Amino acid sequence: MNKAKSKVIKAKSKKVLNVLITYCILIIVAFIFFFPCLWLILASFSKSGSIYSFDGFFPSEYSTDSFVTLFTDTVMYNYRQWFFNTLFIAGMSCIFGTLFTILTAYCMSRFRFRSRKAMMKTTLVLGMFPSFMGTIAVYLLMTQFNLINQHWGLILIYSAQAPMGYMVQKGFFDTIPYSIDEAARIDGASNFTVFVKFILPLSKPILVYTALTAFTWPWSDFILPKMLLQDKNLYTVAVGLMSLGETEFARFAAGSIIIAIPIIILYFCLVKYMINGMSAGAVKE
Amino acid sequence: MNKEKTDGLKARGKFVGFFRSLPEKAKKKFSGTKEILTQGNGKVCASMCIMGLGQLLYKQWAKGIIFLVLQLAFIAYFVLTGATDLFGFFTLGTREGNAWYGVEGDNSVVMLIMGIFAILMIVFYVAIYISNVKDVYKTQCACDTSKNPELFKSEVAGLLDKSFYKTALALPVIGVCVFSILPIVFMILIAFTNYGGDTIPPALVDWVGFQNFAKILTLGQFAPTFFKIFGWNMIWAVLSTAINYFAGLGLALLLNKACVKGKAFWRAFPILAYAIPGFITLLGFKFMFSYGGPINYYIQNAGNPAVDFLGINAQWTARLIGLAVNAWISIPSTMLLATGILSNINTDLYEAARVDGASAWKQFIKITLPYMLFATTPVLISQFIGNFNNFGIFYFLRGGLYTEGYFLASDTDLLINWLYNMSIDNNYYSIGAAISLIIFIITSVISLAVYVFSPSYKQEETFR
Amino acid sequence: MRKTLSALIAHVAIMLAVIITLGTLGIIASNIQSAGAEKFTGELERNVTLRILENDTAKEQGYLAELLAAFNEKYKEYGITAVDANMDQYTDLEKGGPYGYGPDVLYQANDAVMKYTEGKHILPLPIEQLECFNYLGENAWKAYTSTFGEQQYVFGVPVNIQQPLLYYREDLLPQNWQTDWDDDKNGLPDMVENWTDLFRFSKQIRQESGGSKYGYMKSLNDGYFASGYFFSYGGYVFGGEDGKDTSDVGFSKGQSYKGAKIIRQLASCMNLECTEDTITKNAYSRLASGTYFATMTTPDVYTLFLKEMVLAGYTEEYARENLKVIPVPKLPVSGDLEDESQGMTEMTVMGGVNGYAVSSYTKAPNAALAFVNFATSYEMINRRCELLGISPARSDVASAKGGLNETINENLDKGVIYVMPSVRALAQVWTPLQTFCAILADDVLNQKNLYVTDEAFKNGLANVDKQIYDAIHTLAG
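Protein chains in written order, with this note's numbering: chain A, 305 to 589; chain B, 145 to 608; chain C, -13 to 463.
One should not assume that every hint holds.
What the hints assert, rightly or not - No more than 30 Å apart at the CA atoms, straight line, and that leaves these computed lysine-lysine pairs for DSSO-like:
1) Lys316/A with Lys401/B
2) Lys506/B with Lys421/A
3) Lys530/A with Lys45/C
4) Lys278/B with Lys530/A
5) Lys318/A with Lys506/B
6) Lys530/A with Lys106/C
7) Lys106/C with Lys536/A
8) Lys311/A with Lys430/B
9) Lys319/A with Lys171/B
10) Lys316/A with Lys506/B
11) Lys(-11)/C with Lys278/B
12) Lys318/A with Lys405/B
13) Lys278/B with Lys319/A
Said to hold, decoys possible - Stretch by stretch, here's where chain A covers chain B in the computed footprint (C-beta under 8 Å, at least three residues):
14) 390 to 403
15) 414 to 428
Source of the hints: derived by calculation from the structure; they are not laboratory data.
What you are looking at is a predicted structure, and each value in this text was computed from that prediction instead of being measured.
All residues carry an ideal CB built from backbone N, CA and C; glycine is no exception.
Full structure from sequences and hints, please.
Laid out in structure tokens, this is it:
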């Protein structure tokens, strides 16, 4: 009797300890990831533009000036315009890129056609190329297609290159049981219907992941827009921020904080799909 | 006979068998062509001569017109620019421009890239031509056996069903061909030209064969630095991939624990890191670890001498900081990915394991890890490659430094940084392309081997 | 079989015929050379738009808007309008120009501009036609001159001179400087006239403040500013008559090791931040807060210092009065900051000349030339000088302004300003130089003391030369 009780207590205390350690680790992890961001946030509220007027991590004086100037002082740095440019490019690239990637991954996972293995190996190998020279080629191509200084040119490139990274999604589709497809096909559904009606609802986590990556890549990319957009009014935020002067750190920080916001909002909107990906409707074996 | 030996023999058998079966395979492949050539009737001939004509004769209007239009479009392309572009690929231009007097010359590099584009178009054309002939032959067979040929409508329906993959893959394949494969082919070909240095347009570029490779191989200063950097590059790639992968997975598992309340909240912190563009992060960390940065500020306030985190003396501290910063940047996305994949794992497996009394660690080793590895081997490989070629980290953290004992490089530079220092920064594009081709061959051999022997490639069906 | 095969062959033959005929035609067509024509006919194009690339400060301070408005007003009758190209100030013309995306007129530093001449991306200018022709010195024009074949061409019109200057806070001078720190009694404190006194003063400040304040501070690893110490003792970047012979790298030439010694000595009165670019960036706020007494940088950032001083709580008037900008101090001939026995010598500094150039791809070269002529007129340069605080290359404006502007203008003529060589290979100079300077500073601050003998300095510099040479030539043709 007593023994059993002490066992229960032992198990309970073990559990409590487990929870305690878990939370400790979580707090440490949260701190590690949060601290540099916090520092950036504080910096954006610094009164002096220079980062070197700080006492260690903390600005010596606070003000919201940098946020105000960010949106009002548009003669040299038209942040508002840049922000909407980026939003447009990233949004469009996200839609097309996700579509292409998911389609590619699904086909590679579910269909067995002749050139499949060859295609898989080719894409894997090609992904390994150091991409320096590639950018020169992309630039030359765009001059020939008359797509320099055009947002659609960037969207085209981002969407077209996105399927190269289909492997993650293919890995995911591989883990969805075949029995779902088979059951649906017995009911007379076409492959397209199977994909749209049965597979896609099960793929929310990976859809979210794909969409987030397809969005954040153009959102924070620097190299391509720097190369393809020459007019300052067409800049994306990343290119624009890099052109800020040395004593403008507070503004730089404010600009970086603001471009992080949409991604965070996006995350909070999508997080529940990601966690409850495999919920109602799935076939339980 | 031990197992290794049998495996070896098996592999050898497979190898020999592969080559023995080659002629047979070729025969099989060509038998279809032969069949069409011998059995094809007049309408097939018509389609062979002019795309779509046969289909029209069979009264398949829509299809016939589509093929005909495609044929015309291709001819128009070749008349307008294609043919000239194709020839330009071989000559790379013959007349030099002189912008002072408005003399328009040939731009060799553009000619090269448009030449590759023309070749790509020819490949597309041949593929369409073949499918055109095959299609009309299929109709002929159907008519011969007095079955009704497939209606256009049902064929379109088939594009959403049996051959859905063709529809779905068409755009992505074209996109990847033009914007990913074409640039890479361009770059490979650049390695065989003299593009770079003083020879950049408007000067004319020429093919030089293997001259660039010969130049690299005969350079004496090269080898010692190459092996030093290559060694560190391998260590870096392995370590950073492992750290990012396991830390990301661990974080996802930790957040998946039943006892963690407010998962979305806790998960938001790494997302915060994910939301800030990488170059901003790198600039921030560089500042933090500099002599004038906040970390040294506190160290000095506490009365200690400043620490050289990223400066000239800081080989290993800089390397470790590089690893840590890379982890900070990459872990969130690995965590997102792992969360997504873990949510799809079959919970029955865990239940069964629990009933059997398996410990949490055992469950991880026996169920979670194999599952994750299976689903993410390709990702792991691409992350390995991404890290191997990670240009940004040390360019931002510790650029503009040469270390003693290294030829034009610092002791934290990766091969790609070295490549940049030597060639791109200096405009020696052709040499740069040649060196990256060499790097590429090394990395691709490694990762292709890993991939082909990985469970996710060998047994794609295991987890069904 | 025969029927089908012949159909197939017919198709292939037709397509091949199409490709081969047109391809050959293309080659033939491309072999026909068009003659081309001289672009500067003197006849202004009508109804054209000129895209002007100016630098950021000109835009920020409103000078560009003024310039464009004045020009457009004057050329209204021709229908010529000049607009802001609205591009990055460092835009590479070579990249976008040939494809029609570049500006028509660009304002950049001479090394950037002259890089474009290799591919003939900018036009040689008929400079005798310009109003400013007689008012610009030989050395200013030389920065934009290049030889093609036998002929010499000028590609740009100099506007302003960039050279390192000494910035210091007059209110931080010791009370008694007039009696104790002005040996020559010329009304200028010795510590901003001679590096030896500046060094002594810096040491004194550090000692008195207990290490919390500094005298002269500068990121010593910055090659652009550090190279001056080598030039002053006979070093140079590239040899040859025009300074463009990259096979002769000259940082170790002459007695340049003395320059290296001075850099190492200067480091001893700073802190480890001088081995990286920290001081370059924090000098604005630290000078404003009084932590630093002086620093060296280019004239165009004057407003940034003012801004920080105002933020630090001073009135703008006070800031303008006490923030002084003067030519760099003199160096001791001995190469030792504690030994004035051999007298002083003028310090040679690396500088540049910014100016206008005309893109070869402009549709309206004559209008562009008219713009350059207008923008380099006395009135516009004078206005530019007032608004942006630049040092004009035009001697008439410089002498009218007097003071520092005149000195800088004379310095260029005297050759104390070493104009940045206008060759692409210059890009390979910085990393080796930067590393060596950081090593020197680190050597004294971390007490490694590897560089004490003259031999050690000489070897270090020889190694710098070798690295630069290797970087340029190892992979070249």
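Quick rundown of the hints versus the structure:
no., hint, result
1, Lys316/A with Lys401/B, "holds, 17 Å"
2, Lys506/B with Lys421/A, "violated, 34 Å"
3, Lys530/A with Lys45/C, "holds, 21 Å"
4, Lys278/B with Lys530/A, "violated, 47 Å"
5, Lys318/A with Lys506/B, "holds, 18 Å"
6, Lys530/A with Lys106/C, "holds, 24 Å"
7, Lys106/C with Lys536/A, "holds, 26 Å"
8, Lys311/A with Lys430/B, "violated, 53 Å"
9, Lys319/A with Lys171/B, "violated, 68 Å"
10, Lys316/A with Lys506/B, "holds, 21 Å"
11, Lys(-11)/C with Lys278/B, "holds, 16 Å"
12, Lys318/A with Lys405/B, "holds, 18 Å"
13, Lys278/B with Lys319/A, "violated, 68 Å"
14, 390 to 403, "holds (count 5)"
15, 414 to 428, "holds (count 13)"
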